[in-house]
Amino acid sequence: MKTIFKVLVILVVVLTLGALFYGVVTATSSGGVAGSLVHERSVGGFRPGSEGLSGGIQLPVEMIKNLLLISMIVAAYLKISKYFRSQKAITRAGI
Amino acid sequence: MSKQNKNRLWLDLGTFITLLLVSAPRTTGDTIHEWLALALGGAIVVHLLFNWSWIVEITSRLFTKSAKNSRASYFLNWALFFSGIMTILSGLMISRSVVPFFGLWLPQSGSWRQLHELSTNIIMILMGLHVALHWNWIVNMFKHMSVPRVFPRVVSPTMPIQRKDVQA
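The listed protein sequences correspond, in order, to chains F and Y. Be aware that the first sequence starts at 1, since it is given in the working numbering, and climbs by one per residue. Be aware that the second sequence starts at 1001, since it is given in the working numbering, and climbs by one per residue.
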């Protein structure tokens, strides 16, 4: 019962935010831009090369790229936080 | 290591791998990309349920001094949640498998595609920060898992204990 309540809370938040987003996006993109982009979609849909290659194993470049990006952010964060922690310790020690 | 922590770790790891897979639609193809993204949404709900007590606790004392250290993480998680909703919503709006599967038709607009790509990029950056903030927990969990469990030696109360500092 408790879990269902929690799931309902999450769903309500998701639906509210989703509706808000939907309203904002449709309100802002109701100009003439949408028409030309719809045309672009009807021609090709996804970007060139998204699905056209058949056969063979494709290297998951996007996946590796994203993994690299996340790793770099983690490394940078850990380095920066370590630096600040050491600075804090030096200040506290009064050196 | 408690069973709940173990479950949490495996769920998070699975969610992370799924996110990476979802981020490569050219490799997986559109159909797998869309259905996997929906499954990812479900995994995120379970992730939130696992961490429910933390969310409630920090929300209730967000602007107190005691929540100072968790505040950044809290807002980052909200931003991640926000961009996740944006990605799923924009993904549904440009869907070619999931939405038609349910017999629905949505008006097409190019701005949804742009938003989908933008929010995906934001998610990756925020996910990097999310992992970084919990890096110590992740490392500790793996350390606990890799170290074999040592059971404490049972010492009989009748057995004389030799003190190291006292010479016999």
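By construction, these hints were calculated from the structure, which means they are not laboratory data. Keep in mind that a hint or two might mislead.
As the list claims (entries may be wrong) - Straight-line Cα separation of at most 25 Å, DSS-like style, residue types lysine-lysine; simulated pairs:
1. F:K6 - Y:K1143
2. Y:K1006 - Y:K1143
3. F:K65 - Y:K1068
4. Y:K1003 - Y:K1143
5. Y:K1003 - F:K79
6. F:K2 - Y:K1065
7. F:K2 - Y:K1003
8. Y:K1003 - F:K65
9. F:K2 - Y:K1143
10. F:K79 - F:K65
11. F:K79 - Y:K1143
12. Y:K1003 - F:K88
13. Y:K1006 - F:K88
14. F:K82 - Y:K1003
Said to hold, decoys possible - Stretch-level coverage of chain Y by chain F, calculated; a stretch enters the list once three of its residues show a Cβ under 8 Å from a Cβ in chain F:
15. 1002-1014
16. 1064-1073
17. 1109-1118
18. 1137-1146
Stated by the list, open to error - Here are the computed distance ranges between Cβ atoms for each label pair:
19. Y:V1139 - F:T16: 32 to 38 Å
20. Y:R1096 - F:V61: 31 to 37 Å
21. F:L17 - Y:R1071: 17 to 23 Å
The structure presented is a predicted model; accordingly, all values stated were derived computationally and were not measured. For every residue, glycine included, the Cβ atom is placed at its ideal position computed from N, Cα and C.
Hint by hint, here is what the structure shows:
{"no.": "1", "hint": "F:K6 - Y:K1143", "verdict": "violated, 32 Å"}
{"no.": "2", "hint": "Y:K1006 - Y:K1143", "verdict": "holds, 12 Å"}
{"no.": "3", "hint": "F:K65 - Y:K1068", "verdict": "violated, 34 Å"}
{"no.": "4", "hint": "Y:K1003 - Y:K1143", "verdict": "holds, 15 Å"}
{"no.": "5", "hint": "Y:K1003 - F:K79", "verdict": "violated, 32 Å"}
{"no.": "6", "hint": "F:K2 - Y:K1065", "verdict": "violated, 30 Å"}
{"no.": "7", "hint": "F:K2 - Y:K1003", "verdict": "holds, 20 Å"}
{"no.": "8", "hint": "Y:K1003 - F:K65", "verdict": "violated, 33 Å"}
{"no.": "9", "hint": "F:K2 - Y:K1143", "verdict": "violated, 33 Å"}
{"no.": "10", "hint": "F:K79 - F:K65", "verdict": "holds, 21 Å"}
{"no.": "11", "hint": "F:K79 - Y:K1143", "verdict": "holds, 21 Å"}
{"no.": "12", "hint": "Y:K1003 - F:K88", "verdict": "violated, 36 Å"}
{"no.": "13", "hint": "Y:K1006 - F:K88", "verdict": "violated, 34 Å"}
{"no.": "14", "hint": "F:K82 - Y:K1003", "verdict": "violated, 31 Å"}
{"no.": "15", "hint": "1002-1014", "verdict": "violated (count 0)"}
{"no.": "16", "hint": "1064-1073", "verdict": "violated (count 0)"}
{"no.": "17", "hint": "1109-1118", "verdict": "holds (count 6)"}
{"no.": "18", "hint": "1137-1146", "verdict": "violated (count 0)"}
{"no.": "19", "hint": "Y:V1139 - F:T16: 32 to 38 Å", "verdict": "holds, 36 Å"}
{"no.": "20", "hint": "Y:R1096 - F:V61: 31 to 37 Å", "verdict": "violated, 22 Å"}
{"no.": "21", "hint": "F:L17 - Y:R1071: 17 to 23 Å", "verdict": "holds, 21 Å"}
Of the numbered hints given earlier, the model fails hints 1, 3, 5, 6, 8, 9, 12, 13, 14, 15, 16, 18, 20; all others are met.
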